[in-house]
Amino acid sequence: MKHYTEDDLTLYYYGEGRRRADIERHLDACGSCASLYREIAGTLAMIAAPEVPERGDQYGLEVWQRIRHTLPEQDASSWRTLWTALSRGDRLGFAAAAALLLLAAFVGGRIWQRQATPQGAPQIAADTGTSAGAASVTNDMRQRILLTSVADHLDRSERVLTDIMNAPDRGDISTEQRWAEDLLDASRLYRQDAVDAGEQSVADVLDDLERSLLEIVHSPSTVGAADLEQIRRRIDAATLLFKVRVMSDELRKRDQAPGAASPRTSIRKTS
Amino acid sequence: MDATEAAAVLARARQGDSDAFRALVERHSRSVFRLAYRMTGNEQDAEDVVQESFLRAFKQLGRFESRANFGTWLYRIVANCSVDLMRSKQARHDQVRGDSLDDVVEMPAVDAPGPERMAQSAEIQQRVQAALQALSPLERAAFTLRHYEGRSIDEISAALGLGTSAAKHSVFRAVKKLRIALAPLRSQES
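So the sequences go chain by chain: Z and C. Per the numbering used here, the first sequence starts with residue 1, numbered consecutively. Per the numbering used here, the second sequence starts with residue 1, numbered consecutively.
Incorrect hints may appear among the rest.
Derived, one-sided and incomplete: chain Z residues facing chain C with beta-carbon distance under 10 Å [said to hold, decoys possible]:
hint	residue
1	T10
2	Y13
3	L44
4	Y59
5	E62
6	P72
7	R144
8	A151
9	D155
None of these hints come from the bench; they were simulated from the model. Just so you know, these numbers come straight off a predicted model, no measurement behind them. Glycine included, C-beta positions come from ideal geometry on N, C-alpha and C.
Okay, chain Z solo, but in the shape it has when bound (with noise of 0.2 Å):
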């Protein structure tokens, strides 16, 4: 009779392992390989899983706190050439300008279609169904993007206020300095272009939005815990964070809405 070895029980006991129907067949007719596999069941079991101590909603945050300071270079990839060329804060520096680009074609677009149209001349758009519609979607599509792109740049400043809020009570601000800055230009243009299209809630918080980012940039880069705790309180009295996840919630919805959004005023300027 064959028997079996101590790696076919383990791998058994795991149920790996070929010939399993009969390595079962055998344990039941051979009393020294049944005897060995109870031994080695017998050890296994004893071995139970320890106790992984509870780590809490905020253990992400805190692992993102503890390493965001010391975050390697990327090792390259061929189609990423440009990215890894930059240093980080050129590349902070990219996504503003990207966003400022954004932000250019489509207020471009919107005087082009206004030279295009001249006063008192009756629109093309008019005169079709087809055409009226095409115009619309234009519109429409160009409302999207700008409520993407306000959506997004209320995203970045959501990080760097929660940065700041969360940051060590002295230290190095240096970082979310630049990127506030990268940020501060972003958000005038946005504003702006908010009030030209009506969106006064939008321009409220972003006009918020601006002042603490002006703060931030303005502060030393190496906060004491006085000059940090007056930037946190003004963040807090203007209820910023509140207002900016909303505002970027809101307008995702509003984004992924059928037939985009009509202003609205849901959050009301309160500094």
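We have chain Z; now place chain C onto it with these hints.
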């Protein structure tokens, strides 16, 4: 975060967007800690592995194939970081003292009325932990993945970057050593 959103976040992270990477860290930290703790058996070591794993993941994101599953890819990094940490700890430990397996084997037997109670007994678990600590880093990693995580030999092989045979034999050696180390407890049981 739905699948489309997760894919978009991952794509941004691969382009070097640290905000997107932050979202990945926030999403995966708890599962990374769970695996790291099981691999190392120690809270502080697990925290070190969590940190090192995410730093390594960030560095290597450009090489990550977007068709692959990020969780699986990260899982491999965590497993390997754990092995590296255990190796460096063992190297330091070996400078101070020799192999500790004999200590585990020679531990005096204790009264243990039945297997169920034994499995729950804190003292028994301490001995089990000591026996696990005596395994080599690779054996411990392979055993943890097989025994606690329920991974197949093929999955262990992929996670640890080993051939199937090497992965299998790491598990076998671990089980052999554990059988020897825990034999006194088994003799009490019978």
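Hint check:
1. Evaluation of the Z:T10 hint against chain C yields a held restraint, the C-beta minimum of about 5 Å falling below 10 Å.
2. Because the beta carbon of Z:Y13 sits about 9 Å from the nearest beta carbon in chain C, less than 10 Å, this interface hint is met.
3. Hint on Z:L44 holds. Least Cβ distance to chain C is approximately 7 Å, under the 10 Å limit.
4. With a cut of 10 Å, the hint placing Z:Y59 at the interface with chain C holds, because the nearest CB-to-CB distance is about 5 Å.
5. The beta carbon of Z:E62 is positioned within 10 Å of a beta carbon in chain C (closest approach about 8 Å), and the interface hint is therefore held.
6. With a cut of 10 Å, the hint placing Z:P72 at the interface with chain C holds, because the nearest CB-to-CB distance is about 5 Å.
7. Below 10 Å, beta-carbon pairs count as interface contacts, and Z:R144 has none with chain C, the closest being about 17 Å; its hint is therefore violated.
8. With its C-beta approaching chain C no nearer than about 13 Å, Z:A151 sits outside the 10 Å limit, and its interface hint is violated.
9. For Z:D155, the interface hint holds, since its Cβ comes within 10 Å of a Cβ in chain C; the closest pair sits about 8 Å apart.
In this structure, the earlier hints numbered 7 and 8 are contradicted, and the remaining ones agree with it.
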